[in-house]
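Asks: Work out the full structure: start from the sequences and follow the hints.
The listed protein sequences correspond, in order, to chains A and B. Just so you know, the numbering used here puts 60 at position 60 of the first sequence, and the rest follows in order with no gaps. Just so you know, the numbering used here puts 1350 at position 350 of the second sequence, and the rest follows in order with no gaps.
Calculated directly from the structure, the hints in this document are not laboratory data. Each hint should be verified, as a subset may be incorrect.
[What the hints assert, rightly or not] Here are the simulated DSS-like pairs of lysine-lysine, each with C-alpha atoms no more than 30 Å apart in a straight line: (1) Lys1026(B) - Lys1262(B); (2) Lys1103(B) - Lys11(A); (3) Lys1262(B) - Lys77(A); (4) Lys1192(B) - Lys1365(B); (5) Lys1169(B) - Lys1159(B); (6) Lys1330(B) - Lys1192(B).
[What the hints assert, rightly or not] Sample of chain B residues with no beta-carbon within 10 Å of chain A, all distances over it, derived: (7) Asp1009; (8) Lys1103; (9) Tyr1175; (10) Tyr1227; (11) Ala1245; (12) Trp1328; (13) Asp1331; (14) Glu1333.
Glycine included, C-beta positions come from ideal geometry on N, C-alpha and C.
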Amino acid sequence: MNDLELTDMVKRVLFDVAPDLEGETVDPDIPFREQFEFDSMDFLNFIIGLHQASGIQIPEADYPQLAGLDDCVAYLKARNV
Amino acid sequence: MPSLGADMDEGTLVEWLKQPGDRIHKGDILAVVETQKGAIEIEVFSDGVLRDCLANPGDRVPVGEVIAMLDSGKASAAPTGNAALAPVADARASLEPLVPGRKVTPAARRLARESGMDISRIVPDGTGVVGLQQVRTHAETTAPPAGPTGRTDLKEMRKAIAAAMARSKREIPHYYVSSDIDVTALMDWLAKENAARSVADRLLYAVPLFGILARTLLETPELNGHYEAGEFSPSQSVHAGIAIAMRGGGLIAPAIRNVAGKSLDELRLSLTDLVGRVRSGRLRSSELSGASVTFSNLGENTADTLMPIIYPPQVAIIGCGQIATRPWVKDGEVQIRQIMSITVAGDHRVSDGRSAARFLSRLEKHLATPEVS
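Replies: If you want it as C-alpha cells, here you go:
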C-alpha cells in the first residue's frame, strides 16, 4: 500500500474502534491518547483492529511506535503492508 | 420510572418502542428515557402484554411514578415500576435534532449536548463537518463571563456527578487508607501471559487487577455492599462499578456483575464489551444500578494517587493510581520495581480503617502471586 492507502486504513480502524469520532479531523502528529482522550482499552482495541486490518503481528513492545497516525503509517510501511 | 442511581430524580420520556397490545418478553426494550447521564433504554424484566402507556413523549416523570401497565397474565396487571423494569443508558446520537446541510460527529454532538449548546449555532469546518474542535472553539468564543466568584454554569453530567458526590460527602463519613504496593510480579506474569496470546486476546493489567481486587473483597465483606435506611447489607458477590471516563468530560461507573467468579477471559470480554458500549452509548439498566463497590483505575501515564469518593449506597470505593517505576527495598536491597498506590475509601458507619488496612495487606499478598490469585 502507498502512504495514502495506509493512512486511510489507519483512520478506518480508528473510527471503527471509536465510532463516536467518525468524521473527526485526525492530526497526524498528535498521539491518539492526547488527541482523543484514548485510554488503555481504546488503544488496545485500536491495536487489535490494526492487526486484523493489516494481518501483521504487533508485539506489545512495539505499542509506543503506534501512538499517532504518522507513527502508524511509518510502522506499517516498514513492515511492507 | 426506574432509578438509575442516587443522583437521578426524574427522567424525560423520549419514545415508546412498544405499543399497547404488544407481547413483550423479559429483556425487551420498552422505551427510551433521557436523563442527566444520557438517554436510557428501559428494559422489561418479565414477560407479558403491554396494556397501557401512561406517559407521553416529552413528559418529565419523577422516579418511582408508574409509566406503563404490564399484564403478566396473572389476576391483575402490575404497574411497570422499579420492580418490573430496569433502564439502560444510551447516549444515542440519533436523538439529537438533525441540522440540515451539516454533518455532526457523534462525539461532537455529545459534547455539545452535555455543554448545553445549540448545535445549529456551531460553525462547521471547511467541509461542513462539526467536530470536537468546532464545539470546543464555539465554547471558548461564546462562554459567558465568569461571575464575581469565577463560577460558570455546570453541565448536565457534571451536575449529576456533583449531586451524587455532594450527597456522598454529606451523608457518608469517609475514611481513607492507602498503600504503595509492588505489582512487579503481576506485570511480569502479564507480560508472559500476553506473549502467549494472540493480539486480540491480550489482557490489560486492569483485568487481572480487578479480578484480584474482587476476590480479596470477598475476604472483607464490610467493604462490599449497600448502606440504606440505617442498615448495612453485605453483598454475597462482588458487583464492581467500573469508573470509565467519557470523551469530552464526565464519568460513568457501570457494573460488571460477579467479578470474583469470572475467569480472566470472561472478565476481559466483559470489560471490553462494557467500555465499547459506554463509547457507543449502549449501556444497559442493570449495569447502572446494583454495583456493590466501585473500582476507579487512573491508568497509564496519569497520576500516582487517587482519593475517590464513595458512590452511595455503596460503602467503599477503591482507587488505583498509575504504575510507577521506583527504587524499592526488597530482600534487603534497593531494586527497581513497579509500584501502584492503591487507596480504599470506606464508610465509617460500616467499617473502620482497620478493615481497609486488612484488605490492602491481603491484596498485597495476592498481587505478589498473580498466577494463583
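Asks: Checking each numbered hint in turn, tell me which of them this model violates, lowest number first.
Replies: 3, 8 and 11
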